[in-house]
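Each chain, letter by letter, is given below.
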Amino acid sequence: EPEVTQTPSHQVTQMGQEVILRCVPISNHLYFYWYRQILGQKVEFLVSFYNNEISEKSEIFDDQFSVERPDGSNFTLKIRSTKLEDSAMYFCASSEGQGYNEQFFGPGTRLTVL
Amino acid sequence: SQQGEEDPQALSIQEGENATMNCSYKTSINNLQWYRQNSGRGLVHLILIRSNEREKHSGRLRVTLDTSKKSSSLLITASRAADTASYFCAIYGGTASKLTFGTGTRLQVTL
Chain A
1 EPEVTQTPSH QVTQMGQEVI LRCVPISNHL YFYWYRQILG QKVEFLVSFY NNEISEKSEI
61 FDDQFSVERP DGSNFTLKIR STKLEDSAMY FCASSEGQGY NEQFFGPGTR LTVL
Chain B
1 SQQGEEDPQA LSIQEGENAT MNCSYKTSIN NLQWYRQNSG RGLVHLILIR SNEREKHSGR
61 LRVTLDTSKK SSSLLITASR AADTASYFCA IYGGTASKLT FGTGTRLQVT L
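Protein chains in written order, with the numbering used here: chain A, 1 to 114; chain B, 1 to 111.
Worth flagging that the hints you see were computed from the coordinates, not collected in a lab. All values derive from a computational prediction rather than experimental measurement. We put the beta carbon where it would ideally sit given N, CA and C, even for glycine. Just so you know, not all the hints are guaranteed correct.
Claimed, not checked - Label pairs and their in silico Cβ distance ranges:
1) A:Asn-28 x B:Glu-55: 28 to 36 Å
2) A:Asn-74 x B:His-45: 18 to 26 Å
3) B:Arg-60 x A:Glu-3: 21 to 29 Å
4) A:Gln-17 x B:Thr-64: 41 to 49 Å
5) A:Asn-28 x B:Arg-60: 26 to 34 Å
6) A:Leu-30 x B:Ala-81: 35 to 43 Å
7) B:Arg-50 x A:Gln-64: 32 to 40 Å
8) A:Gln-17 x B:Ser-12: 40 to 48 Å
9) A:Glu-1 x B:Asn-18: 26 to 34 Å
Claimed, not checked - Partner residues aside, some chain A positions facing chain B, computed with beta carbon under 10 Å:
10) Gln-6
11) Thr-7
12) Tyr-35
13) Leu-46
14) Glu-102
15) Phe-105
16) Gly-108
Sequences are here, hints too, so could you generate the full structure?
Right, here's the structure in full:
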């Protein structure tokens, strides 16, 4: 069964460093998302992406964040200058259509900022 | 806010018993989706129920939706130890592409 994959599974970085989190969505899906979950808290929406542009972004998704689909398969989240509070599990998701369809999530990347 | 609120926050049952989790929300929705998350792991999609549906089944899962009360419930029948996880409802409001997640119910199924 097709699934969303994410790499790395765990990333440790120093405050102020740039990180890139990678995702391979399900191949026939057209909508892509990033969410994050700070330890013990709810899953929070960051950004949605369709047709090579951002559809919607949350207040969390400030200028330090960017997303890109560099080729036909990968979808990346870049954090330019990480802060301690960026430590969280980051989930990529994809769906065939917009929110009317199921969103399938990857296993997540645990980001630890020291 | 469309935020879903699940209750109970935690539920402990014995294997073979049924588990019921509830989700309430505040605004109109297009659909509501239930997910399972094992400790520290990813989110597994369980079931989607649309606003014009009242009940859906998938294996041992039964989901109901009452749009007049703005609530949904997830019933897991004949629970197993492997069902131990956190369960989240997520709301799609139809005006944006995002899902808004609730706070989750932690289910513990003991032998």
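Checked hints:
no.	hint	verdict
1	A:Asn-28 x B:Glu-55: 28 to 36 Å	29 Å, holds
2	A:Asn-74 x B:His-45: 18 to 26 Å	22 Å, holds
3	B:Arg-60 x A:Glu-3: 21 to 29 Å	22 Å, holds
4	A:Gln-17 x B:Thr-64: 41 to 49 Å	47 Å, holds
5	A:Asn-28 x B:Arg-60: 26 to 34 Å	29 Å, holds
6	A:Leu-30 x B:Ala-81: 35 to 43 Å	38 Å, holds
7	B:Arg-50 x A:Gln-64: 32 to 40 Å	36 Å, holds
8	A:Gln-17 x B:Ser-12: 40 to 48 Å	42 Å, holds
9	A:Glu-1 x B:Asn-18: 26 to 34 Å	28 Å, holds
10	Gln-6	8 Å, holds
11	Thr-7	13 Å, violated
12	Tyr-35	8 Å, holds
13	Leu-46	9 Å, holds
14	Glu-102	5 Å, holds
15	Phe-105	4 Å, holds
16	Gly-108	5 Å, holds
The structure fails to meet hint 11 from the earlier list, while all remaining hints are met.
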